[in-house]
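Chain L is already provided as a structure; the job is to place chain Y on it using the hints.
There are 2 protein chains.
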Amino acid sequence: MKTVIIGTSGHIDLALGVRDRAHGVGFVGIAPGSADEDAKAFYIDQLEATLIPWYDDWRTMLDREKPDLAVVAPFFHLQSAVARACLERGIHVFVEKPMATSLEDLARLRAAHAAGRAKLCPMLAYRYHPEFQAARRAVEEGLVGEPLLLTAQKSYKLGVRHPMYTRRATYGGTIPWVAIHAIDWLWWFTGGGLVEVTGAHTTKGNRDHAELESSGACFYRLANGGSASVNFDFFRPAAAPGHGDDRLRVAGDLGVVEVMNGEAVLATHDAAPRKLEREEPRAMFLEFVRHIETGSPMRVSAGEAFAVSEVALKSREAADRGSSVRLR
Amino acid sequence: MKTVIIGTSGHIDLALGVRDRAHGVGFVGIAPGSADEDAKAFYIDQLEATLIPWYDDWRTMLDREKPDLAVVAPFFHLQSAVARACLERGIHVFVEKPMATSLEDLARLRAAHAAGRAKLCPMLAYRYHPEFQAARRAVEEGLVGEPLLLTAQKSYKLGVRHPMYTRRATYGGTIPWVAIHAIDWLWWFTGGGLVEVTGAHTTKGNRDHAELESSGACFYRLANGGSASVNFDFFRPAAAPGHGDDRLRVAGDLGVVEVMNGEAVLATHDAAPRKLEREEPRAMFLEFVRHIETGSPMRVSAGEAFAVSEVALKSREAADRGSSVRLR
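Just so you know, the protein sequences line up as chains L and Y, in that order. Heads up: take any position in the first sequence, counting from 1, add 73, and you land on the working numbering. Heads up: take any position in the second sequence, counting from 1, add 73, and you land on the working numbering.
No copy is singled out in the list; a pair is fine if it fits within one copy or between any two copies.
Straight-line distance between alpha carbons at most 30 Å, and here's what the computed BS3-like set of lysine-lysine pairs gives: (1) Lys348 with Lys230; (2) Lys139 with Lys75; (3) Lys348 with Lys277; (4) Lys113 with Lys192; (5) Lys230 with Lys113; (6) Lys192 with Lys75; (7) Lys139 with Lys192; (8) Lys113 with Lys75; (9) Lys139 with Lys113; (10) Lys277 with Lys230.
Keep in mind the hints are simulated off the structure, nothing from the lab.
Looking at chain L on its own, in the form it has when it is part of the complex:
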């Protein structure tokens, strides 16, 4: 499976990091998503040793290499256009979320995907994190009862970010970039049960990152009458262990399952809280390759991925407007 990389602004390590185990996958080219991406510097610094040929222009690379699969991670506002161009050429796409930074771009990408020429998978990789999968399985097995109250957290260290992050026009926003993972958990755990969103975000405290939202929260009404919320921030202190502080709590009348510190803990009425067994980690990229080859199901379908991206963009809209937005 001839594979290329377009852009180095996202989690291309999700593919490159499992290169050794990606049997049958050959990386035949890498190119920036746009001329201003500084991808060349990144390439020289980090990727030259991978011996993947460099191209200055991704369209030329596609013409020349005729790949089967593209890993798409340009500046975020270009994700949808690059992914669309690939799909239209019949090239499968492993694309950074949110896949599009506007609802219009998302609709165009959806249409290109609906043409059915190639498959698409977004980098909503948490579905393959063992602790989240363990929690999801507990909910699926009915161990917490009906999920009626979900709370999720994404907290990252800010550091000093590339200028791309400092403009809404190129970055898209912290809700579609960061909170989207928590939105994906809510979508996954409730079976798509989000019906309305209210939200807020602020650029205050963003340490000279211009338009980048430092923090915010989204509140969701659920189809079953329950509630869910997401809080997200770039306030994780530099001295704290690890980059992120991901959390998810799902409560129902039979129990509470919670993901924190990389563990899933289940509490039920008849047993003391206990850590859930975690599966062996699976690489989303390898699952996608297998999906392309054999049709094996992904934990997030393309349809779901579009729905989650749409919720993220509508959540940003709610936060921008300071009012509620219907989700269905």
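Same frame as chain L, now just chain Y:
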């Protein structure tokens, strides 16, 4: 200071539990808040040994004993009327929150208090919990920077509750009864910076408790552009340690302070996360007695208590209506 107890449906232990240390305070009578309160059974079972004289009617008790101070904890919908009657007689009031279960009752109580004949203190006792005080101090000292994102949790075990809890008319709702503590934390930590609320709650999963809301969430816009949220539930599993799972997280650009498991932990950019030192516990009731005697300040003023109760009732309104309610 002659003290009476009216009603046994709330946290009268906040007063009785520190009886030995309440120098100069004599409990001269106890009476139900209403004839249907079952207070007599509770009295016989738990309070007879205290040797506090029993009265069938609290008005008779007030006439007879002419107390200086009343601990008021009847069925929740009666809190405001009893407290008001005490204030009007010039009796100081230590009253269970939310102090009133409707905005109209709250306004009446506020007016009675404004007449200035006696002092009033609500049982918002978390302000005297050492871990919350430690976190508050850290924020006050600027250690997290400007608080821009606050998340709070109240989770309790449900058990089997008195029928009073099963009707909105007597109970008032889970937001004014349970979530109010988290609302108080937000009010306290933001200096009253809550400007709008959206919320949801549900009775689903309430295990035959009729109208009692099992769970829900409230989302607040802050005056400084930040966000805050509260999630609350009666889903804490029976087998989990302790009755409640109280949490508060306050994030700003300089750090994050968090209360969980009875500890306050501060994380800043220049030091690894560390537990904050906690003061010696102080009893709110004793502080109130001292306040009456010497005018020493309370950590929650009566004015703030009215504001917090009002936010709680408006949050319930937002959850009932499924829309936003302005708070100022």
